[in-house]
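For reference, the chains in residue letters:
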Amino acid sequence: MGLSMERQRILIVEDSPTMRQLLTFALRRLKNVDIVEAQDGMDGLRKVSSDHFDLALIDINMPVMDGLKLISLIRSEESLSDIPIVVVTTEGAKEDRERALSLGANEYLTKPIQANRVLSVAKGLLKRD
Amino acid sequence: MSSSRNDLFSHGEEFLQLFKRGAEFTKELLVENERLRGTLANLEQEQADATRTPEDWEKYREELVTRLQDLEQEYESVRVRLHQVEEENKHFASRYIEVEEENNNLANLYVASYQLHSTLDLDEVLKIILEIVINLVGAEVFAVYLLNGDSGELGVAACEGAESTEFPDCSQAGGILVEALEQAAPVCADPAQATSLDRPIVCIPLIVQERPIGLIAVFGLLQQKEGFTALDHELFSVLGGHASTALLAARLYSQSERKLNTIQGFIDLLTK
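So the sequence lines, in the order shown, correspond to chains P and G.
Per my numbering, the very first residue in the first sequence carries number 1; after that it's consecutive.
Per my numbering, the very first residue in the second sequence carries number 1; after that it's consecutive.
No lab work stands behind these hints: they were computed from the structure.
Values in this document were obtained by computation on a predicted structure and should not be read as measured data.
Keep in mind that a hint or two might mislead.
In silico BS3-like pairs for lysine-lysine, Cα to Cα no more than 30 Å straight-line [claimed, not checked]:
id : chain 1 : residue 1 : chain 2 : residue 2
1  : P       : Lys94     : P       : Lys123
2  : P       : Lys94     : P       : Lys31
3  : G       : Lys225    : P       : Lys123
4  : G       : Lys272    : P       : Lys123
5  : P       : Lys31     : P       : Lys123
6  : P       : Lys127    : P       : Lys31
7  : P       : Lys94     : P       : Lys127
8  : P       : Lys127    : G       : Lys259
9  : G       : Lys127    : P       : Lys69
10 : P       : Lys31     : G       : Lys90
11 : P       : Lys94     : G       : Lys259
12 : G       : Lys272    : G       : Lys259
13 : G       : Lys225    : P       : Lys69
14 : G       : Lys127    : P       : Lys94
15 : P       : Lys47     : P       : Lys69
16 : P       : Lys127    : P       : Lys69
17 : G       : Lys127    : P       : Lys47
Here are a few chain P residues that sit away from chain G, every Cβ distance over 10 Å (derived from the structure) [said to hold, decoys possible]:
id : residue
18 : Gln8
19 : Asp34
20 : Ile35
The beta carbon of each residue, even a glycine, is placed where N, CA and C say it ideally should be.
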């Protein structure tokens, strides 16, 4: 009798529907994942606080609450501090990257994204082969 | 009485010790026996070999040589087959990478066209065009010009990276815009030449049934975007085709909604 792999949950926090759809397309290639979308930082905070996630992909420039604020709130909450976070953003400057990583992001990807790069980063953080 | 009991125990102990020594000795004898059997077998084999005649040895040598040749042939064929499999493997690996890239590109194109046709609201369509150009192409400064039906002039309908008043009139931007409209196809310049808002580096005409309805002009790319890829050129074609029809459909829907509301208003007046 084989053991079925436990399903993992990924949260995408991105205000652009186009980007949400693209990231979902890329991540659906992973088996046994459930993908949840949030359309801004506040929506993302509500969702991450009310449910368990194994990975979060977060944009920086969003209305209501930006991604950096969301990341610092997630990292300040003990029950959420272990969630791996990938920033997906248009901000390509070195200081933007350093700032996000210093706030607790695990990876920093710049747009336009390569779907296989997103997939490879997600696999690494979800600890899959 | 107790002394006879003690004597009995001590005799028992002595007997047990003697028995154990006997068992150990027997074990050693068995091991030695096995060793001697092996030695005897080797010696018998050597004796058998020594009694072979030179013809027997020659025959044995030929058998070995033949066997060696067979093994060498087999090794060679396995080596050739391994080389073929390695080549096939390399071919499959590079083909896998190509297919994966094609798949990624198709996903981008699918998402772009899906989003463009997902709404009939003009503002939403413009917003989606902006999203596609920022997130999928990687442009930082660009404008969507639409043809004004009354004046027949192109005006900025949506933009990113600068205020709408900062973008040039089409007559000022000249060159590449005119070329794109005449060719009815996207025209690209060297992204390294993106220095100001005077000269767009990409111009994508928006044409429906050979009639221009607008264009997208890109004046600057995101810092991390080094140049245009094959996917970008595909996206320009998608934008040129699908964005045009999406914009036209949204405009016509908006006009028909207004007319419908007007007619409905008249009907309501007449029926009151």
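- prompt: Going straight from one Cα to the other, do Lys127 of chain P and Lys31 of chain P come out at no more than 30 Å?
  reply: holds, 13 Å
If you draw a straight line from the CA of Lys127 of chain G to the CA of Lys47 of chain P, is it 30 Å or shorter? holds, 26 Å
Does Lys123 of chain P lie within 30 Å of Lys225 of chain G when you go C-alpha to C-alpha? With a Cα-Cα distance of about 25 Å, the restraint between Lys225 of chain G and Lys123 of chain P holds, given a limit of 30 Å.
* Is the straight-line distance between the alpha-carbon of Lys94 of chain P and that of Lys123 of chain P 30 Å or less? -> Satisfied, since the Cα-Cα distance of roughly 25 Å is no more than 30 Å.
Pairwise hint evaluation, Lys259 of chain G against Lys94 of chain P, where the allowed Cα distance is 30 Å at most: violated, 53 Å
Taking 30 Å as the top limit, are the C-alpha atoms of Lys127 of chain P and Lys259 of chain G close enough?
Since the Cα atoms of Lys127 of chain P and Lys259 of chain G sit roughly 58 Å apart, the hinted pair is violated (cutoff 30 Å).
| request: Compute the least Cβ-Cβ separation between Asp34 of chain P and chain G, then decide whether it is above 10 Å. | output: Holds, because the least Cβ-Cβ distance between Asp34 of chain P and chain G comes to about 20 Å, which exceeds 10 Å.
Within a Cα-Cα threshold of 30 Å, do Lys225 of chain G and Lys69 of chain P meet the stated pairing?
Distance ~26 Å between Lys225 of chain G and Lys69 of chain P Cα, so the pair holds.
- Proposed proximity, Lys259 of chain G with Lys272 of chain G (alpha carbon, max 30 Å): holds, 20 Å
| said: According to the definition I'm using, a residue is off the interface if its beta carbon is farther than 10 Å from all beta carbons of the partner; does Gln8 of chain P meet that for chain G? | reply: Holds: least Cβ distance 21 Å, greater than 10 Å.
* 30 Å Cα cutoff - pair Lys31 of chain P, Lys90 of chain G -> At roughly 26 Å apart (the allowed maximum being 30 Å), Lys90 of chain G and Lys31 of chain P satisfy the hint.
Holds or violated: Lys127 of chain G with Lys69 of chain P, Cα cutoff 30 Å?
holds, 25 Å
When the structure is compared with the earlier hints, violations turn up for hints 2, 4, 8, 11 and for no others.
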